[in-house]
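> Given next are the chains, with one letter for each unit.
There are 2 protein chains.
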Amino acid sequence: MNLLLLEEADFIAADRVILRDRRLTHMQEVHRAAVGDSLRVGRIGGLMGSAELVRLEAKEAELVIHSLDLPPPAKLPLTLLLALPRPKMLRRVLQTVASMGVPKIILVNSYRVEKSFWQTPFLEPEAIREQLILGLEQSRDSVLPEVIIEKRFKPFVEDRLPALVEGTLGLVGHPGDYPACPRGLDEAVTLAIGPEGGWIPYEIDLLAKAGLQPVQLGARILRVETAVTALLARLF
Amino acid sequence: MNLLLLEEADFIAADRVILRDRRLTHMQEVHRAAVGDSLRVGRIGGLMGSAELVRLEAKEAELVIHSLDLPPPAKLPLTLLLALPRPKMLRRVLQTVASMGVPKIILVNSYRVEKSFWQTPFLEPEAIREQLILGLEQSRDSVLPEVIIEKRFKPFVEDRLPALVEGTLGLVGHPGDYPACPRGLDEAVTLAIGPEGGWIPYEIDLLAKAGLQPVQLGARILRVETAVTALLARLF
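Here the protein sequences come in this chain order: E and C. Once you know that position 126 of the first sequence is 126 in full-length UniProt numbering, the rest is easy, because the numbers rise by one and skip nothing. Once you know that position 103 of the second sequence is 103 in full-length UniProt numbering, the rest is easy, because the numbers rise by one and skip nothing.
Since the hints were made in silico from the structure, they are not lab data. Owing to the predicted nature of the structure, the values given are computational and were not obtained by experimental measurement. Among the clues, some could well be false.
[As the list claims (entries may be wrong)] As a list, the in silico DSBU-like pairs of lysine-lysine whose alpha-carbon atoms are at most 35 Å apart: (1) E:Lys88 to C:Lys75; (2) C:Lys104 to C:Lys115; (3) E:Lys59 to C:Lys115; (4) C:Lys104 to E:Lys75; (5) C:Lys115 to C:Lys154; (6) C:Lys209 to C:Lys104; (7) E:Lys88 to C:Lys104; (8) E:Lys151 to E:Lys115; (9) C:Lys75 to E:Lys104; (10) C:Lys88 to C:Lys151; (11) E:Lys104 to C:Lys88; (12) E:Lys115 to E:Lys75; (13) C:Lys88 to C:Lys154; (14) E:Lys154 to E:Lys115; (15) E:Lys88 to C:Lys88; (16) C:Lys88 to C:Lys209; (17) C:Lys115 to C:Lys209; (18) C:Lys88 to E:Lys151; (19) C:Lys115 to C:Lys88; (20) C:Lys209 to C:Lys75; (21) C:Lys88 to E:Lys115; (22) E:Lys88 to E:Lys75; (23) C:Lys104 to C:Lys75; (24) E:Lys59 to C:Lys88; (25) C:Lys151 to C:Lys104; (26) E:Lys75 to E:Lys209; (27) C:Lys88 to E:Lys75; (28) E:Lys154 to E:Lys104; (29) E:Lys88 to C:Lys151; (30) C:Lys59 to E:Lys115; (31) C:Lys59 to E:Lys88; (32) E:Lys75 to E:Lys104; (33) C:Lys154 to C:Lys104; (34) E:Lys209 to E:Lys151; (35) E:Lys88 to C:Lys115; (36) E:Lys75 to C:Lys75.
[Stated by the list, open to error] Computed far set for chain E versus chain C, every beta-carbon distance over 10 Å: (37) Glu8; (38) Ile12; (39) Gln119; (40) Leu144.
All residues carry an ideal CB built from backbone N, CA and C; glycine is no exception.
Just chain E, with the same shape it has in the complex (with noise of 0.2 Å):
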């Protein structure tokens, strides 16, 4: 936890905020702060700044904000479309793509995903907020990625995709003897990443029919989660 994000209910004055939760613990026993300590700290959805610890018991922790006024980093140019991941992973990729700064994430269904992946509990709302806010509290920014749910590929990829995808380079990462992912763009993109055992053909079919070209990293088959970091890194 490289930054310590508030939420609304946190405020008990306008400059003033009181922690109980995991928050709390780490501090504790991660930070091992004490009463005078200035902690980094961000408004959720709002700017970062500085707080002095000013009472710190068992169960609870006040924080006195010295000044909010720095702007997050920017987030990437980037909506990034992936098959749901198993529910271990999906978490991870949920810390590593907030901390990377994804601005839009969609999970969307394919055939290689694995019907059970769609009954975890890591697809409830507050889970997922979980998982960003670890992301976000780890790479210091403090807005958080908008995520949506596609549970069916075909009239999300046919319908809605397309929209999505316009006025930005459309590119869905596939192992295969395509063109090479490009490097260092500037521009907007819209990125779909395959599941485990990647997409079948007819999926990539339809993903360039609504507009996104497919492109290689290379011979090596990369967990989910070190192909979406390596896409990234390699992007932008």
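Starting from the known structure of chain E, arrange chain C on it as the hints suggest.
For chain C alone, kept in the frame of chain E given last:
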């Protein structure tokens, strides 16, 4: 497991292996393999090809090698110097860097590496090898990276690092007012990546004297595993 890696001890004839361990379980439970199936195989340290599953019992499987004639994918021209991560992260990072094709990894101490991290059983040679194998199986590579452990930062950096850096581009990933990490290199690189919390200035000075120049990836602070993947994807 996208490649079944074969050890010398698995061979009962020049073209025949018997498997009894984790790989058997994986074939049964994840691949749901059946007699007659063709599987991608690789000989550790050697070539890759295919084998046919000819016998599958509860406690062992027998495969006949049909071909072993494909070279493994090229490694990256890289020596990766990594401050020892916390044990759980160490396991994942070893898998990740093996999957990405890093041929040589040096785990080094740093001021911000907790002393307890050096006590982990995950640093035992067999435990390291297990994680590397998982990474190779993921990305379809048959050649184990070399892993070197350097528990003393100063003598390593002063006495042995300069010879390793010679003839390569020496870089150290470090947040701050430094040049951006270069992209798409063809030349050989020696890259150092710090611990959570980063290198201390004294370490950056010593690394610079040994020939490693600081480069940065932007304002976001990434987890070690994410930073490693992002730096490699950007460099090569």
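> Next step is simple, just say for each hint if it's right about the structure.
Each hint tested on the structure:
no.	hint	result
1	E:Lys88 to C:Lys75	holds (29 Å)
2	C:Lys104 to C:Lys115	holds (23 Å)
3	E:Lys59 to C:Lys115	holds (30 Å)
4	C:Lys104 to E:Lys75	holds (34 Å)
5	C:Lys115 to C:Lys154	holds (16 Å)
6	C:Lys209 to C:Lys104	holds (21 Å)
7	E:Lys88 to C:Lys104	holds (29 Å)
8	E:Lys151 to E:Lys115	holds (10 Å)
9	C:Lys75 to E:Lys104	holds (34 Å)
10	C:Lys88 to C:Lys151	holds (19 Å)
11	E:Lys104 to C:Lys88	holds (29 Å)
12	E:Lys115 to E:Lys75	holds (32 Å)
13	C:Lys88 to C:Lys154	holds (26 Å)
14	E:Lys154 to E:Lys115	holds (16 Å)
15	E:Lys88 to C:Lys88	holds (15 Å)
16	C:Lys88 to C:Lys209	holds (32 Å)
17	C:Lys115 to C:Lys209	holds (25 Å)
18	C:Lys88 to E:Lys151	holds (33 Å)
19	C:Lys115 to C:Lys88	holds (15 Å)
20	C:Lys209 to C:Lys75	holds (28 Å)
21	C:Lys88 to E:Lys115	holds (29 Å)
22	E:Lys88 to E:Lys75	holds (25 Å)
23	C:Lys104 to C:Lys75	holds (10 Å)
24	E:Lys59 to C:Lys88	holds (29 Å)
25	C:Lys151 to C:Lys104	holds (16 Å)
26	E:Lys75 to E:Lys209	holds (28 Å)
27	C:Lys88 to E:Lys75	holds (29 Å)
28	E:Lys154 to E:Lys104	holds (20 Å)
29	E:Lys88 to C:Lys151	holds (33 Å)
30	C:Lys59 to E:Lys115	holds (30 Å)
31	C:Lys59 to E:Lys88	holds (29 Å)
32	E:Lys75 to E:Lys104	holds (10 Å)
33	C:Lys154 to C:Lys104	holds (20 Å)
34	E:Lys209 to E:Lys151	holds (19 Å)
35	E:Lys88 to C:Lys115	holds (29 Å)
36	E:Lys75 to C:Lys75	holds (32 Å)
37	Glu8	holds (24 Å)
38	Ile12	holds (29 Å)
39	Gln119	holds (19 Å)
40	Leu144	holds (15 Å)
In terms of the numbered hints stated before, the structure departs from none.
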